[in-house]
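Participant: What follows is the residue order along each chain.
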Amino acid sequence: MGLCHSGVRGGKQAIGGTSQQNPNSNNNAAHNDAVDFFFKSNGQEALFTQVELSLSASNLLDRDITSKSDPMVVLFAKKRDGKLEEVGRTEVILNNLNPTWIQKITIAYQFEMVQPLVFQIYDVDTSYHNKPVKSLKLEDQDFLGEASCVLSEIVTRHNRTLTIQLQNRNGHGILRKLGALTVHAEETIASRNAVEITLRCYQLANKDLFSLSDPFLRISRMVEGGGYVPICKTEVVNNNLNPVWRPLCLSMQQFGSKENPLVIECFDFNSSGNHVLIGKLQKSVADLETLHREKNGANFVIQTSHGHEKVLKGQLFVDLFLEKQQYSFLDYVSSGFDLNFMVAVDFTASNGNPRNPDSLHYIDPSGRLNSYQQAIMEVGQVIQFYDSDRRFPAWGFGGKTPAGTISHCFNLNGSASFEVEGVEGIMAAYASALHNISLSGPTLFGPVINTAAQIAGQSLSSNNSKYFVLLIITDGVITDMQETKDALVRASDLPLSILIVGVGGADFTQMEILDADNGQRLQSSTGRMATRDIVQFVPMREVNSGQISVVQALLEELPGQFLTYFRSRDIKPHAC
Amino acid sequence: MDKQHCHKASRTVEVTVLSAENLRLDRKSVKKNTYVVVRADPLNSGSTRADFEGGSSPSWNEKLTLDMPFQTRFISLEVKCRTGSGDRVIGTASLPVSDILGDYTPESHLHFLSYRLRDARGERNGIINVSARVKMQVESVGPPTTKNSVGYGCSSSWQQPTLGVPVGHRKNYYGGVVTGVPVWI
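If you read the protein sequences in the order shown, they are chains X and G. Residues 329 to 904, numbered by the working numbering, are exactly what the first sequence covers, in order. Residues 216 to 400, numbered by the working numbering, are exactly what the second sequence covers, in order.
Note that these hints are calculated values from the structure, not bench results. One should not assume that every hint holds.
Stated by the list, open to error - Quick list of in silico lysine-lysine cross-link-like pairs, DSS-like style, CA-CA up to 25 Å:
(1) Lys350(G) x Lys535(X)
(2) Lys505(X) x Lys396(X)
(3) Lys652(X) x Lys278(G)
(4) Lys900(X) x Lys794(X)
(5) Lys278(G) x Lys900(X)
(6) Lys295(G) x Lys278(G)
(7) Lys247(G) x Lys535(X)
(8) Lys295(G) x Lys900(X)
(9) Lys505(X) x Lys459(X)
Unchecked claim - If you only want the chain X side, here are some residues facing chain G, beta carbon under 10 Å, derived:
(10) Arg520
(11) Asn521
(12) Ile783
(13) Thr859
To be verified - If you want a taste of the chain X side facing chain G, the calculated C-beta under 8 Å gives, among others:
(14) Lys465
(15) Leu540
(16) Gly785
Positions of the beta carbon are idealized from the N, C-alpha and C atoms, including for glycine.
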């Protein structure tokens, strides 16, 4: 994972805006570790996708005596502890049992979480009709019905519309027909707009002693409260006072609106981390467009020691300014693109005898999940909504099968078919495998990765819209590092991402090499380099102590990897 | 095009030279004027135009179409620099044909590949990024059709094992089933 880039090479990489020319850079269209960490540490949410929900209902219960019900919908998000937190309300529609509400409710869509939603419909009493909707107390209104679903169920549907039958509170049986609620989700327009810009500078000041400055730009946007939050930075150009940087792609989510003021700072890179500010300027995206059109340069300014702003000789030019529409992750997913989930479980002896309560494979009769079960459940529960057939390949590695041979890729359910049905199917196959397989070793990833890559590669002949996600859960460090690297390098060109969870107390530093967040690309034994960073590695114990769950840490970068793969090949969502 | 009526002994490959990273010449970062020569064999090669500004991490994004005879095992990628004293080789890499053919992907899959460059002394000198694709042969008998960008007309003697029905190239949708048989001799 890596919350910061270690190493000078990593530190010089561009962050934030995606560089379209480099499908092999570490950038993500959606999230970026360093930028996210900055947001979270400041108490602000990262820039995720906003979705608007439009609601309508049919056959609502008639509560009023002389007229029809006056319904209003309240949306709640169900938190981890089961409590309901209100997200928003529609307006009240008078006298209507088949209402279509105009007021949309906006909610943040986060791929890496299961987001359970509860919709409650109330009949608003006449005496409250002129009050603002927000002030209405729900206890004073008549309850008409409730519907629950998960946000990803709605957004993965073909037309992003879901109809749910209304039930009594907490789903306590259906005494009589309460009608149905239809929810339609739409990404806000902002999610799709993006601009691609190429920036260049002229006559920057020299801040280095024996050579020239190594300039890079950092772009920040103003947020409520007056502060500035960085949204991206360019790569570092060495030794150059007239640098040209690679094109930056900024999404409207990042810059807010075209009029929103952005601060562009130019720094001289120092490997010590103390970058020297060369100058800064404030321009909105609309200003940058004007600069491009008029082919003008904008001068940098710098604060002098007296507190004045001195105008510098250095100028910024915008060589390229292109507005474009980027298809978002939800565009792909709702048009029929699938995420296919695959699991591989470590059956090496280092886990400990499964009958022993100390073993990482111990199945607790009280129902408490062991680390393996936890990882499978949490990742599987999020991804299952994106997998249309819910059939998951499940393998074990490093164990001795009933036939007596040690296998590094055997079917978890022990049968000829490597697929199981649903997350429950994986759990059942895992439990039964613990009875039939004897733990052995060594820990090898190569065979499992190659098998997953083969499935991903073969799917390309029939279907260009599947993306595969392999979850490997292991307790130990691998012994086939070079073969694993070779397998990963080959797989980096395929629609595949690999999530690795390290359980238990082993020292996983070696595994972090595989997760190339430090900027070092994986190299195979034949001299080929990985084109994308397709690995995410998280040690479970590190995450359990923090605020976020294993799942969030692992899955955060998945939409970005997915988008990088399809965008770089110019594969668009299916037309509706 | 007097090869129209002879047997086809090669396939067509499109190599798009994307970019390179961290190029050095004589222990200093390269400043400018780098270009790439892509060679399938001594007779079949192409080169990109020079990148004037890119410095040690230039980008070209240029597509080169080459004939690749069946027995070719490697395509060589050579990064050179135009200096005052002539053209110098910065580094070379070999693209094994097995990386674009013969693994479990369909033949016309667009591969994004990257390779470590090594200089004349065999030392590491940067990375080169390319994308490559083998062009699907369009079956045709007689004079070349305008759709076939290569312009050869006698693909009927093409000895490739059947891969199923190639359908709908334009939509990036691959029809048919790949048998995964390595197609070199």
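Participant: Is the interface hint satisfied for Ile783(X)? The criterion is a beta-carbon contact with chain G at less than 10 Å.
Facilitator: Nearest chain G Cβ about 9 Å off; hint holds.
Participant: Just to be careful, I want the Cα atoms of Lys295(G) and Lys900(X) compared with a cutoff of 25 Å; is the pair within it?
Facilitator: Not satisfied, since the Cα-Cα distance of roughly 36 Å exceeds 25 Å.
Participant: Between the alpha carbons of Lys278(G) and Lys900(X), is the straight-line distance 25 Å or under?
Facilitator: Cα-Cα ~21 Å, so holds.
Participant: Is the interface hint satisfied for Thr859(X)? The criterion is a beta-carbon contact with chain G at less than 10 Å.
Facilitator: It holds, given that the least Cβ distance between Thr859(X) and chain G is near 4 Å, below 10 Å.
Participant: Verify the proposed pairing of Lys505(X) with Lys396(X), using a straight-line Cα cut of 25 Å.
Facilitator: holds (16 Å)
Participant: Does the alpha-carbon distance linking Lys295(G) and Lys278(G) stay inside the 25 Å limit?
Facilitator: holds (17 Å)
Participant: Below or equal to 25 Å on CA atoms is what counts here, so check Lys505(X) against Lys459(X).
Facilitator: violated (30 Å)
Participant: Classify the hint on Lys465(X) as holds or violated, based on whether any CB of chain G lies nearer than 8 Å to its CB.
Facilitator: violated (55 Å)
Participant: Compare the distance between the alpha carbons of Lys652(X) and Lys278(G) with 25 Å, and conclude whether the hinted pair is satisfied.
Facilitator: Holds, at about 23 Å.
Participant: Please check whether Arg520(X) passes as an interface residue: C-beta within 10 Å of a C-beta belonging to chain G.
Facilitator: violated (20 Å)
Participant: Check whether the Cα positions of Lys247(G) and Lys535(X) lie no farther apart than 25 Å.
Facilitator: holds (23 Å)
Participant: Holds or violated: Lys350(G) and Lys535(X), Cα atoms, limit 25 Å.
Facilitator: violated (51 Å)
In terms of the numbered hints stated before, the structure departs from hints 1, 8, 9, 10, 11, 14, 15, listed from lowest to highest.
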